[in-house]
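Keeping their order, the protein sequence lines are chains A and B. Mapping the first sequence onto this note's numbering, position 266 (from 1) lands on 919, and the numbers just tick up by one. Mapping the second sequence onto this note's numbering, position 291 (from 1) lands on 944, and the numbers just tick up by one.
Some clues are possibly wrong.
Unchecked claim - Taking lysine to aspartate or glutamate pairs in the EDC-like style, the calculated list, with each CA pair at most 20 Å apart, reads:
| # | chain 1 | residue 1 | chain 2 | residue 2 |
| --- | --- | --- | --- | --- |
| 1 | A | K763 | A | E734 |
| 2 | A | K782 | B | D936 |
| 3 | B | K741 | B | E805 |
| 4 | B | K912 | A | E895 |
| 5 | B | K816 | B | D679 |
| 6 | B | K676 | B | D718 |
| 7 | B | K942 | A | D874 |
| 8 | A | K782 | B | D935 |
| 9 | B | K716 | B | D704 |
| 10 | B | K857 | A | D939 |
| 11 | A | K782 | B | D874 |
| 12 | A | K763 | A | E712 |
| 13 | A | K857 | B | E913 |
| 14 | B | K782 | A | D939 |
| 15 | A | K857 | B | D935 |
| 16 | A | K857 | B | E910 |
| 17 | B | K857 | A | D935 |
| 18 | A | K857 | B | D939 |
| 19 | B | K857 | A | E831 |
| 20 | B | K782 | A | E831 |
| 21 | A | K763 | A | D718 |
| 22 | B | K857 | A | D909 |
| 23 | A | K782 | B | E929 |
| 24 | B | K912 | A | D902 |
| 25 | A | K942 | A | E712 |
| 26 | B | K912 | B | E895 |
| 27 | B | K912 | A | D899 |
| 28 | A | K912 | B | E905 |
| 29 | B | K676 | B | D794 |
| 30 | B | K857 | A | E910 |
| 31 | A | K816 | A | D794 |
| 32 | B | K912 | A | D909 |
| 33 | A | K816 | A | E791 |
| 34 | B | K782 | A | D874 |
| 35 | A | K912 | B | E895 |
Derived by calculation from the structure, the hints in this document are not laboratory data. Since we're looking at a predicted model, the values are computed, not measured.
Protein chains: 2
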Amino acid sequence: MNFGHLTIIGVGLIGGSLARALKRADVCDRIIGCARSVPELEKAVRLGVIDGFCVDPTEAVNKADMVVIAIPLGGYEQVFEQIAPALKNDTIVTDAGSVKGSIIESARRKLGRHFSRFVPGHPIAGTEKSGVEASFAELYDNHRVILTPVEETDPLALDTVRKMWETAGAGVDFMDVERHDEVLAATSHLPHVMAYSLVSTLSKMEESGDVFRFAAGGFADFTRIASSSPHMWHDIVFANREAVLDMLDRYEAGIDELKEALRNDDSEFVMNMLTEAKQARDDFADNRKRRHVDPETEEGEE
Amino acid sequence: MNFGHLTIIGVGLIGGSLARALKRADVCDRIIGCARSVPELEKAVRLGVIDGFCVDPTEAVNKADMVVIAIPLGGYEQVFEQIAPALKNDTIVTDAGSVKGSIIESARRKLGRHFSRFVPGHPIAGTEKSGVEASFAELYDNHRVILTPVEETDPLALDTVRKMWETAGAGVDFMDVERHDEVLAATSHLPHVMAYSLVSTLSKMEESGDVFRFAAGGFADFTRIASSSPHMWHDIVFANREAVLDMLDRYEAGIDELKEALRNDDSEFVMNMLTEAKQARDDFADNRKRRHVDPETEEGEE
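Using the sequences and the hints, build the whole thing.
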């Protein structure tokens, strides 16, 4: 398998790691990076992540066989508009955005006749770090990538993108767009909002000096995701606003039940909630471990 | 420094690790364990954590120079009552409970004339695991222990307990009881409740299968503390109920502001909240790192 001329728009942790993984597999003729910052692009070339770069998206894609967009969600509409006129008839376009509904809407509006060769994708991988210097070839190894094709999506384009991610080390799943956005709101967007919001609440407390001084390892783990890029997360919570608001409502309803139980001395309710939650968390951890030790499933994570 | 005959009531992660740390320093004549479960105590002897054991608290303390209680909070009142008649005139009693107000009240009620030699303490260390097999001698190395003496507390007893924790590898701070319980509600009790509650909310969702399947590393870090002992956390949230409820209210107020901003398309509010939170989290992480690399301060954590 060879993916020919690949253009990656957005050479950060996600785009840069994909470039590194594909170079590791030696499956591209050439990988061109596109981004707004020339120093960042020069750094990416120096690090051997890309072979060359181009600041203008239109120009960057005119020879591409495959285009991967991996930028904060707020930039997609414009990028689709900029690349549409320059795409070849058979260029495949895919993306790595964390919310699929809003990106598919933008693509439908702006890619025109190329929309059928747009394959919406989302690699479930990342760290709290960002930027090309944080990228590494192993990021996708044994991680899942979710593709959310729509009715118009060309099966051949879909299959090529699937193979690209598998070559990069990942396992690929297909999912309905709406379900993807709901599941991700639950597993990723809600926890991020919770972590940012916790740190925000604590930093506004009178005792915030002591609070952060006496916070231990559990707190560090719990708030690690609040060190992620604010720009990226700003775009995600707005792009998936309805699902995020719905999850926040569900979550607050659970908190309110717990408060009620605490006030009413309902020891049994609290004990049951904690016990069931621990069981669910332990099952989740066991499943992760099992996937990790069983290479056949290609699902493990570090 | 020698602490003589030490009795540890509750030989789990916290009590067991203290025994191991003091054995490492060779500063006790004898360490006796006391717990309800004989098989657990036998395991502790086999692991070399304690030198012997006694199931009855009254009997377990009658030769002790120092007694350390490290059990779930719900058990303190009874243990104080059981040991009071058997304590020598100069026996020092201390504890490792996560909430200080409720324990001090129990001690005042039950220890009688020994109350002045009770030193309330709380090591800020732990993992999500429990039981003596999870204990290790290094648990307290470079961690903080907070002591919350009250007016009656004997300065000599306080000093001896401080030295014991320093010998176990920790750095010791003194704090007002109420402030301790507020700070811990913020840094520890609130995050635990949040994590348990998140897992509980997700496990009740129709899509919970996919939710846990597609949860990644960030989610694993975020929910690790929900694998802690439900019994222990049940006792903590009730023992520190007012402070926990207050923190939950503050936290929900922050979430509600964010929901409002999302609904009103208030991009600037959301961006500011995320940016300030990331800054606070990064500062916290930097401070932790600095403490860890600077051995003089003895404050680092892994």
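* Hey, K782/A versus D936/B, does the alpha-carbon distance stay inside 20 Å? -> It holds: about 15 Å lies between the C-alpha atoms, which stays within 20 Å.
* Between K912/B and D902/A, is the straight-line Cα distance small enough, at 20 Å or below? -> It holds: about 9 Å lies between the C-alpha atoms, which stays within 20 Å.
* Asked: Can the restraint linking K857/A and E910/B be considered satisfied, given a maximum Cα separation of 20 Å?
  -> holds (14 Å)
* Keeping to a limit of 20 Å between CA atoms, is the pair of K942/A and E712/A held or broken? -> violated (45 Å)
* Below or equal to 20 Å on CA atoms is what counts here, so check K942/B against D874/A. => holds (14 Å)
* Straight-line Cα separation of K782/A and D935/B no greater than 20 Å? -> holds (11 Å)
* Given hint E895/A paired with K912/B - CA-CA distance at most 20 Å -> Cα-Cα ~10 Å, so holds.
* Asked: Given the hinted pair K676/B and D718/B, is their alpha-carbon gap at most 20 Å?
  -> Roughly 16 Å separates the two Cα atoms, so the pair holds.
* Holds or violated: K782/B with D939/A, Cα cutoff 20 Å? -> The given pair, whose Cα atoms are some 14 Å apart, holds under the 20 Å limit.
* Please work out if K857/B and D935/A have their alpha carbons no farther apart than 20 Å. => Roughly 16 Å separates the two Cα atoms, so the pair holds.
* Please work out if K857/A and D935/B have their alpha carbons no farther apart than 20 Å. => With Cα atoms ~16 Å apart, K857/A and D935/B stay inside 20 Å; holds.
* Holds or violated: K782/B to D874/A, with C-alpha atoms at most 20 Å apart -> OK: K782/B and D874/A at ~15 Å, within 20 Å.
The structure does not agree with the numbered hints 20, 25, 26 stated previously, though it agrees with the rest.
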